Amino acid sequence: MSVDDLYRELILDHYKSPRHRGRLDRADACAEGQNPLCGDELTVTLRFGADGETIEEIAFEGQGCAISQAAASMLSEEVVGHKATEVAAIDKDDSPLVAMMIESGTPLTPIRLKCALLGLGVLKVALHKAVGTPLPEEWTGVEEVEFE
Amino acid sequence: MSVDDLYRELILDHYKSPRHRGRLDRADACAEGQNPLCGDELTVTLRFGADGETIEEIAFEGQGCAISQAAASMLSEEVVGHKATEVAAIDKDDSPLVAMMIESGTPLTPIRLKCALLGLGVLKVALHKAVGTPLPEEWTGVEEVEFE
Amino acid sequence: MALKQSTARIDAARIRADFPIFDQLVGGKPLAFLDSAVSAHKPRFVLEALEEFYEHSYGNVGRGVYALAERANAAYEQAREKVREFVNARSPREVVFTRNTTEGINLVAYAWGLDNLGPGDVVLTTELEHHSNFVPWQEVARRTGATFKAIPVTAEGELELEALDELGRAGNVKVVAVTAVSNSLGTIVPVERLIRFAHEHGAIAVIDAAQAAPHRVIDVQALDCDFLAFSGHKMCGPSGVGVLYGRSELLERMSPFQTGGGMIRRVSVEKTTWAGLPHKFEAGTPPVAEAVALGAAIDYLGGIGLEAIAAHEHELTAYTLEQLGEQPGLTLYGPPLERRAGIVSFNLEGIHPHDVAQILDAEGVCVRAGHHCNQPLMRRLGVAATTRASFYLYSLPEEVDRLVVGLERARKVFA
Amino acid sequence: MALKQSTARIDAARIRADFPIFDQLVGGKPLAFLDSAVSAHKPRFVLEALEEFYEHSYGNVGRGVYALAERANAAYEQAREKVREFVNARSPREVVFTRNTTEGINLVAYAWGLDNLGPGDVVLTTELEHHSNFVPWQEVARRTGATFKAIPVTAEGELELEALDELGRAGNVKVVAVTAVSNSLGTIVPVERLIRFAHEHGAIAVIDAAQAAPHRVIDVQALDCDFLAFSGHKMCGPSGVGVLYGRSELLERMSPFQTGGGMIRRVSVEKTTWAGLPHKFEAGTPPVAEAVALGAAIDYLGGIGLEAIAAHEHELTAYTLEQLGEQPGLTLYGPPLERRAGIVSFNLEGIHPHDVAQILDAEGVCVRAGHHCNQPLMRRLGVAATTRASFYLYSLPEEVDRLVVGLERARKVFA
Ligand SMILES: Cc1ncc(COP(=O)(O)O)c(C=O)c1O
Ligand SMILES: Cc1ncc(COP(=O)(O)O)c(C=O)c1O
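Chains as they are written, first to last, in our numbering: chain A, 1 to 148; chain B, 1001 to 1148; chain C, 2001 to 2415; chain D, 3001 to 3415.
Note that these hints are calculated values from the structure, not bench results.
Remember, predicted model here, so these are calculated numbers, not experimental data.
Using N, Cα and C, we set each Cβ at its ideal position, and we do this for glycine too.
Some hints here could point you the wrong way.
[Said to hold, decoys possible] A short, non-exhaustive set of chain D residues, derived as facing chain C with CB atoms under 10 angstroms: (1) E3103; (2) R3143; (3) P3256; (4) V3288; (5) G3370.
[Unchecked claim] With a straight-line Cα cutoff of 30 angstroms, these simulated BS3-like cross-link-like pairs (lysine-lysine) come out: (6) K16(A) to K114(A); (7) K2082(C) to K114(A); (8) K1083(B) to K1016(B); (9) K2271(C) to K3149(D); (10) K16(A) to K92(A); (11) K3412(D) to K114(A); (12) K92(A) to K114(A); (13) K1016(B) to K2412(C); (14) K2271(C) to K129(A).
[Said to hold, decoys possible] Pulled a few chain A residues facing chain C out of the computed Cβ check, cut under 8 angstroms: (15) C30; (16) Q34; (17) I111; (18) R112.
Modelling step: build the complete structure from the supplied sequences, incorporating the hints.
Next comes the structure, spelled out in structure tokens:
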């Protein structure tokens, strides 16, 4: 994978101008997670619609590399309007940034994949805590850092 | 070293007819020790002369290979009449069986050396406990098995 | 884990050519190597994988983003996946790389035991155990105030399973730690029975597979054990690497064993949290190259087939029992052939095993002499030591013949 | 452990030819390998020693009486003697082979800590520590009820030694655990001062020499430390082996850490006693081949000379600080050159270290990006991560030049 493929315009754009950035007050679900390899951290907060299961608002906050931040930003655009169960079922290969790299024939390496999946993982943890949807395997048994 | 060198007549003779075999009553010094590699065990008991430091009587008891048993037997013949401090100063290369093998140009290998030195080690432990002579390095810090 | 008789046969003489150690003469004689239970030799295939890794892909794991680091990491995780398949674990998250069997058992004894045992609890092992599946339990019992007990064995070296009823009635059994195959006697232990016993009493079942994994198919799901440990060096892999399989539900709830780099989630003076499985149990730089080479060993053994290897060893064992049975003054230990892996322990009357082994060595025959890290078993058998021959895929009947000749010589020397 | 300037110079380009890893192109480019602090590459000399051992002398240690086993045992103990000389220990009994630095520290934390720490006692480490010399102490403090404290560091990453007075006055310090060289910043720590402090207060001094042993002469007698740990893989040795030096008086009085085969004197259900040093601390089959190859690495480094290696790294570090100091938007971390080993950490404004490392990788430049297992230090520096270049005997100034070119490219990509 060439560096230009990886740092293509879309990713840099999301990195520099992240969508749904911040932290919601009165959130219905929230979680915080780290990528232990690099120390990157992301916090997600979200609110459901009236049905109590459709994501109406979402916000990510944290610090990390372009891949992890852009992946969270791209994900945030995709999940609004979707039900918790649908989001919990998103396969890693279907998260937007990862899918884009696969489609372009330049899949992420395993280590960078962990960066790209931090946002999805944290989101699934939040949904799990709020409405009991399944956790991804790599997050089971991990002592969850409580959200203050 | 050829097997015949190792199992020369003298060694087999001491193995089959060990000298100073047994256990003394009313011993002035005693100790028990193992070769952890093979589980061989030897117990030594001894009595000092009137000066309280010259070995007057000694007895070894235990089980083990021809080398360990013959070495203890040969040693027992050598130490009678010697002072505790003299015995504590016997270098491993000077214990009778080991010295004999070195002289004949067929020194023991490191693992068999441990067998040959079990008797000397146990004896030094006994003297250390009775009259405070130094322990060989390999016996320091070893939890000594108490003699009942 | 009963012996699966298979029609596949291996050509041990051809296999032997894969092992460079046999290319040399030792003391002017070709090696008759009958000591594989202590450690196996390495085929060229494994040594080449080791070298290839160091020369082209070496790096630390789980950390770097550059290509070489990704390559090392991928090779390491691929080895883990090979191990997962080898023992049929549900997930590579259940596969922890250790130094050896001993460390795997210590890991469970410390990380599970310190937090889950206390006065009144019973830690149950057996008189058949290698010290590595005996002393760690004795130690953790001492530290926690739990009671340490050992299931007795018969004079033939099989577990006295009738003792289980009473042990079960007495209650409070929290751990059942048992070997799958005895390293001294070759006894094949009915571990399924003991695992069932453990679970009926709410205990965890810990299997020492050091002597099983190299020789017979292991399926941790079929066994339903909670932990299972083995060593790479006994199965044609390098020294310095072993495996602990652990049921993920248990591993997830356990404290870590060793702590440090690579196993944390977040560290601060106030509080530290742990990484997910299996990394939580792999503190510090792991034996990276060794794990990769163990993966190659699994490939190598897989190419030959464990069933075929077990069948080959079974034949050699039958032949050895037959040959040794005819030797004057020779006592054989252990169970009958049907319940025995490729290990034969014996003693020659009036000659200490050390001396037997020394004389055999002069004939180029390598056997083990001693207590084999089985002192409780030796005490049960009423001996201080035995001489032991053990087989592997490269073992040949000629080696057994040379053993017999050597024993005759030993009798002559000591006549 | 101050930097010894030596007039000896090494020919790094020639040395580089000893390392097969550099014979290849990665991604079409020669390697600019600036990540030796995480793990070093291996010279052919070491790989050949490893192969030679497996092919001719492989065996388990301390057990067999046959010639091959004696050979393996002798090679293993000879490696121990080489390590003894390398750190100037009084006796090989003070040299314990471990898996890595992390295990050495865990050994002390468990085997010394569990029996010697309790409520009211203080375990003192520093904010500079690698997680491997931080978390084990935090954990043993938690288990024993002791208090865990960390000596603070300055913004330049040096220890605030003034803090010692108050810590000393508060009393009850039982352990002082400190690194000799910071793996993130290269800080050379005045460990002599801390060891003296420890002994003045009746504490043990534990030195993490993971980043020191590969690069500078260590003399445990001159240092007067109680324990000192390092890893083989960072000093041209194989993965899977490390060393713990321990003062014999302490090791003798300590309980074992792991238990099992090879470390016992006598085992029974009622009571087990331990073998003498160093075997008491080496349970199970050790990393035999790895220890032998580590011995070869010591020979290799000795042939070149640690002073010359340190001097070479010093020059490269000076050059790097100079080059990077001119880069726009680049922040350098760590102490001045005089108190710095061959490690340089930095950040580029607006670009995360992971992205920097990824772009550098595309240029064939291997650097580390992350928290380097130093989260408490990162927090002190106010960053989540840094990019780090680190040097070894085979490092070349051209590699630094390629780093600079790569950084320019990173700025362009993120412009
Ligand atoms: C200062 C320091 N301590 C400890 C360690 C841990 O070494 P290992 O992973 O070999 O146990 C490292 C290696 O990263 C280090 O740099
Ligand atoms: C049954 C059994 N358990 C445990 C062990 C210990 O294995 P390791 O020394 O590789 O830890 C052995 C090896 O001797 C063994 O045979």
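Outcome of the hint check:
Contact between E3103(D) and chain C, as hinted, is supported at the beta carbon level, the nearest pair being about 6 angstroms apart and thus within 10 angstroms. Given hint, R3143(D) at the interface with chain C, holds; its Cβ is 8 angstroms from that chain's nearest Cβ, closer than 10 angstroms. A cut of 10 angstroms between beta carbons decides the hint on P3256(D): the least distance to chain C is about 8 angstroms, and the hint holds. Look at V3288(D): its Cβ gets to within about 5 angstroms of chain C, closer than 10 angstroms, so that hint holds up.
Given hint, G3370(D) at the interface with chain C, holds; its Cβ is 7 angstroms from that chain's nearest Cβ, closer than 10 angstroms. With a C-alpha separation of about 20 angstroms, the suggested pair K16(A) and K114(A) falls inside the 30 angstroms cut-off, and the hint holds. Proposed proximity of K2082(C) and K114(A) is supported: the alpha carbons are some 22 angstroms apart, at most 30 angstroms. For the hint linking K1083(B) to K1016(B), the alpha-carbon distance of about 28 angstroms falls within 30 angstroms, and the restraint holds.
Using a Cα cut-off of 30 angstroms, the hinted pair K2271(C) and K3149(D) holds, with the two alpha carbons roughly 12 angstroms apart. This hinted pair checks out: K16(A) and K92(A) have alpha carbons roughly 23 angstroms apart, not beyond 30 angstroms. A threshold of 30 angstroms between alpha carbons decides the hint, and for K3412(D) with K114(A) the separation of about 25 angstroms falls inside it, so the pair holds. With a C-alpha separation of about 10 angstroms, the suggested pair K92(A) and K114(A) falls inside the 30 angstroms cut-off, and the hint holds.
As the CA atoms of K1016(B) and K2412(C) are separated by approximately 14 angstroms, the hinted pair is consistent with the 30 angstroms bound. Between K2271(C) and K129(A) the CA atoms are separated by roughly 22 angstroms; this keeps the pair inside 30 angstroms, and the hint holds. Taken as an interface hint, C30(A) does not check out: its beta carbon lies about 17 angstroms from the nearest beta carbon of chain C, beyond 8 angstroms. Here the hint on Q34(A) is kept, as its CB sits about 5 angstroms from the closest CB of chain C, short of 8 angstroms.
Nearest Cβ of chain C to the Cβ of I111(A): about 5 angstroms, under the 8 angstroms cut. The hint holds. Satisfaction of the interface hint for R112(A) is found here, the shortest Cβ-Cβ separation to chain C being roughly 7 angstroms, below the 8 angstroms cut-off.
Of the numbered hints given earlier, the model fails hint 15 alone.
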